[in-house]
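This is what each chain is made of:
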Amino acid sequence: MEPLDDHELKQLASTWKAPQAPARLHGQVFGAQRRPWWAWLFTGAIRVPVPACAAIMLLLAWLVIGRRPETAPVPPTAGPPVVTLADFLPPAEIQVKVVGALP
Amino acid sequence: MTRAEVERAFTAHKDAVYRFAWRMAPEAADDIAQEVFLRLLRGQVQFDEARGSLRSLLLGVARNLALQHLRSNARWESVDEEQFVASPFPVDGFDIGELVGRAVQALPSLQRDVFILAEYEELSLDEIARAVDTNVGAVKARLHRARENLRRMLAPLRETAKRVG
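Residue numbers (our numbering), protein chains in the order written: chain A, 1 to 103; chain B, 104 to 268.
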């Protein structure tokens, strides 16, 4: 039997149709990776460039060490005593004693 | 690649990857297409624009997975693909497209992949060579043998070919 020529083969090849990718494929690829946004707070990571990281570390070090007061902090003292007459009791008997005479 | 870039690549190339996987190994098309994009997402496949298009890279990954599947399912031909001799296909009781598909799938794997990439995915010889990790000369030779075999296998469909044309 005589083989087909190029044109005939091309025509026949075009009759073999393949299906398109099924819609479920997206879920199969990306679905397993999808998590709630807040999960990032527990497992997430961010990239920080080394210079920025070094600058942040220096700033923190300056805040902790550089701004420390030179003298030890004095604990707050109690304020001046407050005098009230709430508990005042007048004496039961008054004895007047003259210690000097008028000229 | 970022997730957003992989999503864009998925949208652009999912059909080509799935079609190719389906033509190579229909029963594993879903798994193969899924694995191609998961590898891209996980960074197991690195895209370098200087080394060819993303499409040929993805089809190359799909091709390797398909061959791996065929090997593991003992459908890998032990016969040297150069020794493969095609004979006319029985044409009774089949749809024409199905017959053509059976003929293509009867080709040795190393002829089948280049034929599908050239004929259905319209990759250039360079792109095919990159996808199947060989040189252009080898691609030309395999493609020539694939076409020769198919011309013989599908010869009984000559009248149909004229009607389709």
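Honestly, the hints are just simulated from the structure, not real lab data.
All values reported here derive from a predicted model rather than from experimental measurement.
Warning: the hint list may mix true and false statements.
Listed below are the simulated DSSO-like cross-link pairs for lysine-lysine, each with C-alpha atoms no more than 30 Å apart in a straight line [claimed, not checked]:
hint	chain 1	residue 1	chain 2	residue 2
1	B	Lys243	B	Lys117
2	B	Lys243	A	Lys17
3	A	Lys97	B	Lys117
4	A	Lys97	B	Lys243
5	B	Lys243	A	Lys10
Hints violated by the structure (listed by number, smallest first) = Going through the list in order, the structure violates hints 3, 4 and respects the others.
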